[in-house]
Amino acid sequence: LLQDAPQEFLRPFFASPLGIERWAGFFALMAAMAGAVADPPANQQSALAAAMDIMAKSNTPPPPPRQHTVLKVGLKEFEASVVQGIEKELEGKIPKSAAPEVVAGWRNATEAMVKKEYENATAPIKHLVAESWMKLKDDKKDQFASMISAKYAEIYNKSLPQFVRRVGVPAQFEHTFSSMEHFNSSLAHSIASPTATLVKQMKDYTDLIYYGNIFLQARKAMSLIAIILPDVE
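First residue of the sequence shown: -1, per this note's numbering; consecutive thereafter.
Check the hints yourself; a few may be wrong.
In the DSSO-like style, the derived pairs of lysine-lysine whose C-alpha atoms are separated by at most 30 Å in a straight line are [unchecked claim]: (1) Lys198 <-> Lys135; (2) Lys149 <-> Lys201; (3) Lys201 <-> Lys74; (4) Lys86 <-> Lys113; (5) Lys94 <-> Lys139; (6) Lys138 <-> Lys198.
By construction, these hints were calculated from the structure, which means they are not laboratory data.
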């Protein structure tokens, strides 16, 4: 039957190891039932039991997926802090001559602009941290994540005033609020420089901490070798 069946017909049934195992159990059961008449009762029971055992194992559910690791380094929290800092800086500085669309939507525009620029700029940092973490041995992963989180917190504290200060400069001019287009352009230009500085510092310290862990790991291995080696006189 299998030899004469078209390949296209058989492919769905053997598309995975689990499917092959289930079909093997099915055919084993059919073979046991076909030979039940000719075999002695003891052999019949043994064959049927073996076939049923294969079928039972094939229905065993797959193991649950591994839990996904999430490294908390404060990126989302800092994004929220930047938005709040800028809003606090601009609040009360919107001139009476501002366009109605700016008066009504500057908060939403600020949040959207920061989210866009910040997340685009920090995407490579996320990848770098995750890749560096994966390359480390298990006994170094927690230490690396802890050091990254602590160092990033220092960078955030120093960077936040830069965002607020840069946004505050064009806020002194009424032209900035003359239209939503001008407001968005001014905001994007203002946060570009502190964002670039932030990302560069994060990258530099991520590399430094990663290679520092690699160096300490190598020194530990060399120390162990030195202990094991015999004295030479």
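key: Hints breached by this structure   = Those not satisfied come down to hint 5.
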